[in-house]
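Q: As you go down the protein sequences, you meet chains A and B in turn. Okay, so the first sequence: first residue is 824 according to our numbering, each after it adds one. Okay, so the second sequence: first residue is 6 according to our numbering, each after it adds one.
None of these hints come from the bench; they were simulated from the model. Note that the structure is a prediction, hence the values are computed from the model and not measured. Glycine included, C-beta positions come from ideal geometry on N, C-alpha and C. Some clues are possibly wrong.
Cβ-Cβ distance ranges computed for the label pairs, FRET-style [to be verified]:
id	chain 1	residue 1	chain 2	residue 2	range
1	B	GLU182	A	ASP995	44 to 52 Å
2	B	ALA162	A	GLY1234	41 to 49 Å
3	B	MET146	A	GLN1041	45 to 53 Å
Straight-line distance between alpha carbons at most 20 Å, and here's what the computed SDA-like set of lysine to any residue pairs gives [what the hints assert, rightly or not]:
id	chain 1	residue 1	chain 2	residue 2
4	B	LYS93	A	ARG1223
5	B	LYS89	A	GLN1164
6	A	LYS1231	B	LYS54
7	A	LYS1158	B	LYS93
8	A	LYS1232	B	ARG53
9	B	LYS93	A	LYS927
10	A	LYS1231	B	GLU52
11	B	LYS89	A	GLY1162
12	A	LYS927	A	LEU1213
13	B	LYS89	A	GLU1182
14	A	LYS939	A	GLY1227
15	A	LYS1232	B	GLU52
16	A	LYS927	A	SER866
17	B	LYS93	A	THR1163
18	B	LYS93	A	GLY1162
19	B	LYS93	A	ALA1157
20	A	LYS1155	B	ALA94
21	B	LYS93	A	MET1080
22	A	LYS1095	A	GLY1124
23	B	LYS54	A	ASN1196
24	B	LYS67	A	ARG1223
25	A	LYS1231	B	HIS32
26	B	LYS67	A	GLY1227
27	B	LYS67	A	PRO1216
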Amino acid sequence: MTAETSLEAKTAVSASEPASSDVVMEHALERPLATSAEVDTPSSEVVVFRDKPLELDCGQQLLPFQVAYCTYGTLNAERTNAILVCHALTGDQYVASRNPVTGKPGWWEIMIGPGKPIDTDRYFVICVNILGGCLGSTGPASTNPATGRPWGLDFPVITIGDMVKAQARLIDHLGIEKLFSVIGGSMGGMQVLEWASRYKQRVFSAMPIATAPWHSAQNIAFHEVGRQAVMADPAWSGGRYIEAGTVPRRGLAVARMAAHITYLSEEALERKFGRSLQNRVAKTFSFSADFQVESYLRHQGSTFVDRFDANSYLYITRAMDYFDLAADAGGKLAKGFEGTQTRFCVVSFTSDWLYPTRESREIVQALNAVAANVSFVEVESDKGHDAFLLDEPELFATVRGFLGAAAKKRGLAA
Amino acid sequence: MLARDDTAHRQLPHRVDHLLIADMVAHGARVLDVGCGDGALLELLGERKQVDGRGIEVTREKVNACVARGLSVIQGDADRDLDKYPDKAFDYAILSLTIQATRRPKPVLENLLRIGRHAIVSFPNFGHWWIRSQLLVTGRMPETANLPEPWYDSPDAHLCTIRDFVDLCRLVDARVESKVTFNASGRQLGTWLPLTLHNLLGEKAVFLLTRR
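The task is simple: from the sequences and hints, build the whole structure.
A: Now the structure itself:
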């Protein structure tokens, strides 16, 4: 469910019909819009699991549940060339193809495609919309089969582990025993670590990028600001905004604006905007967006609302906050990797203060402690956390080199 | 890009100490190269002995270049990061022309002997006759092809002679399984020569050690 269409829908409804709450409610339940339809019936591939429930970390079971995904390239006959790409907080399965909601190219097309570092001529790439997401995998915007209404806050609180368990079910479904590689940045990197720790035999190589083995107090704090912004918006309606026919636009936009600052670096903000004014020659002595940086953030906030579900944002940030691989391993991170045969390549960025290099180093040291095969690259960049999504030649060379060497070991044809 | 770098690399002649180390390492061994630089030794060991090789290197650019060439290398520091490795995690822990640049060579060597079933250490010999004569004649810190920087700019904070190193081995309970010294033209000195002559004529030395 994306807010863009909800907003259009709302306008359409109020223009053509009396704004009775019945009409709004009916409209919300029918979900007549193309983008709302992405929630339950995505444009991408989707598998509905009806046999075995997903056992969630909170103790609840989820059944049925569905997993939406995209694939690129061809799975070889031995089924040994599959790469699972895990997306970040607000990403989706459209990693290297047009996003049906925004109409924009895939979020990592710079990395994935024929001849690119993750070469789809050579590898079979799978990208899964995470559990709790809003573009086709089961999440709070999906229809709760028990009630016929959107889950809303009745949706169980999920974890990174639950997301990975759901992905594993899809990988089973695709008949793949062992993934050649699991790759992801930020929250995608958390999933990579979870995969490597939980399913050691099923991961030949792993690339956690710009990530951390646990969410820091600072990161939890930022997320809490975002969640409170969403929930403080009256339009959030206690989480039942879909049925209420409203969208917590303001709250979600503020959450995104605050979060977006954390994805950049002071240096990048300074270089990009400085104190420049937005389309004006002097200060207006008002609260309109005088500064370019304000205008930029407002734009980031409003476009985000057009493509993301507010409750999904709450659930996914919560899952990230709960992530602590060391705690899961009894307090010692290295224990989580004991016995691993996986080849690792950990990547961080010099200006990333959200997931700083020292947190990647924690991962590396834990892997060293179990004598794992690990590479660690710190890429020099002033672009902050977002650098992993951008044109960073050093990152590309690292991905290419690491995958190439791993492919040789795995016996994949060049 | 990978292929081009590989080729470019192979055109360089191998370092003599690297070739000697490659002779000492068993086929298919697990190897940690501490201070692996541009990864030349790891690549040589991979080609000739099919080792499962890892590297630690302090310079970020070199690390990134190694990983881009497909080597398993992390950015790290011999003084700080060896503590984290478990006992006997590797068959060989190697320190090639690096020990003299560490802050505390003794704990580094002890860690090497703990992490590896064997330790291999190569180092420039400060007891070489040319260095001795330079110091004697000029009264200044020698500058040679191996020690090109002036003393205040040199990363080599802990230079030692072959005799000093033998003493250190005794101190940390390391057994010298073999030692090879060679002169400036890369020619090995006869193993039958007394230590005094190795220390005088050897420009560099390679030691294969185990913990007693």
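Q: Each hint needs a verdict: does it hold in this structure or not?
A: Status of each hint after checking the structure:
no. : hint                               : in the structure
1   : B:GLU182 <-> A:ASP995: 44 to 52 Å  : 50 Å, holds
2   : B:ALA162 <-> A:GLY1234: 41 to 49 Å : 45 Å, holds
3   : B:MET146 <-> A:GLN1041: 45 to 53 Å : 48 Å, holds
4   : B:LYS93 <-> A:ARG1223              : 31 Å, violated
5   : B:LYS89 <-> A:GLN1164              : 18 Å, holds
6   : A:LYS1231 <-> B:LYS54              : 16 Å, holds
7   : A:LYS1158 <-> B:LYS93              : 18 Å, holds
8   : A:LYS1232 <-> B:ARG53              : 16 Å, holds
9   : B:LYS93 <-> A:LYS927               : 52 Å, violated
10  : A:LYS1231 <-> B:GLU52              : 13 Å, holds
11  : B:LYS89 <-> A:GLY1162              : 16 Å, holds
12  : A:LYS927 <-> A:LEU1213             : 15 Å, holds
13  : B:LYS89 <-> A:GLU1182              : 15 Å, holds
14  : A:LYS939 <-> A:GLY1227             : 12 Å, holds
15  : A:LYS1232 <-> B:GLU52              : 13 Å, holds
16  : A:LYS927 <-> A:SER866              : 14 Å, holds
17  : B:LYS93 <-> A:THR1163              : 17 Å, holds
18  : B:LYS93 <-> A:GLY1162              : 15 Å, holds
19  : B:LYS93 <-> A:ALA1157              : 17 Å, holds
20  : A:LYS1155 <-> B:ALA94              : 19 Å, holds
21  : B:LYS93 <-> A:MET1080              : 50 Å, violated
22  : A:LYS1095 <-> A:GLY1124            : 18 Å, holds
23  : B:LYS54 <-> A:ASN1196              : 18 Å, holds
24  : B:LYS67 <-> A:ARG1223              : 16 Å, holds
25  : A:LYS1231 <-> B:HIS32              : 19 Å, holds
26  : B:LYS67 <-> A:GLY1227              : 18 Å, holds
27  : B:LYS67 <-> A:PRO1216              : 15 Å, holds
In this structure, the hints that do not hold are numbers 4, 9, 21, in rising order.
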